[in-house]
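Student: Make a model of the complete structure from these sequences and hints.
All residue numbers for the sequence shown refer to the UniProt record's numbering, where the first residue is 1 and numbers rise by one.
Everything labelled a hint here was simulated from the structure, so no lab data went into it. Even glycine gets a Cβ: it sits at the ideal position worked out from N, Cα and C. Everything hinted at is true.
DEER-style ranges, computed between Cβ atoms:
1. N96 with N34: 17 to 23 Å
2. M76 with K5: 27 to 33 Å
3. N6 with K37: 18 to 24 Å
4. S26 with H69: 23 to 29 Å
5. S74 with I27: 28 to 34 Å
6. R104 with E77: 16 to 22 Å
7. N75 with D103: 17 to 23 Å
8. F95 with K5: 30 to 36 Å
9. P42 with Y111: 30 to 36 Å
List time: in silico EDC-like cross-link candidates among lysine to aspartate or glutamate, alpha-carbon distance up to 16 Å:
10. K94 with D25
11. K94 with E31
12. K10 with E80
13. K10 with D41
14. K5 with D55
15. K39 with E12
16. K93 with E30
17. K5 with E51
18. K46 with E12
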Amino acid sequence: MKTPKNPWNKAELQIYVLLLCANADSIETEEEINLIKSKTDPKTFKKMYKEFSGDTEDESLEKIQQNVHLHYFSNMELIEFRKEVNAVFFSDKKFNRMERNLDRILDNILY
Numbered sequence: 001m002k003t004p005k006n007p008w009n010k011a012e013l014q015i016y017v018l019l020l021c022a023n024a025d026s027i028e029t030e031e032e033i034n035l036i037k038s039k040t041d042p043k044t045f046k047k048m049y050k051e052f053s054g055d056t057e058d059e060s061l062e063k064i065q066q067n068v069h070l071h072y073f074s075n076m077e078l079i080e081f082r083k084e085v086n087a088v089f090f091s092d093k094k095f096n097r098m099e100r101n102l103d104r105i106l107d108n109i110l111y
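Tutor: Spelled out as structure tokens, the structure:
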């Protein structure tokens, strides 16, 4: 696997993943975006949102996979991160097929 041109730190990676989760059903709700914004500073959010907006889903998954391998996540960090992912998925009180599919893909990448 190749190393990304501009590797992300853990916080940037997490925000990018949460943005992908918010967009899993092709609809980013205000609740989802506000939840993600609450997890980071405005500068990081803006940077990652700009990058995310220019990527296809396949590019996004490739970037996530490349960047995950650059960082060590403890079990506690992964548990907390999964809670954040689920909070984004369930912010609209639904967990549709596209979100479930992305959830399985992320499990394969993160674990």
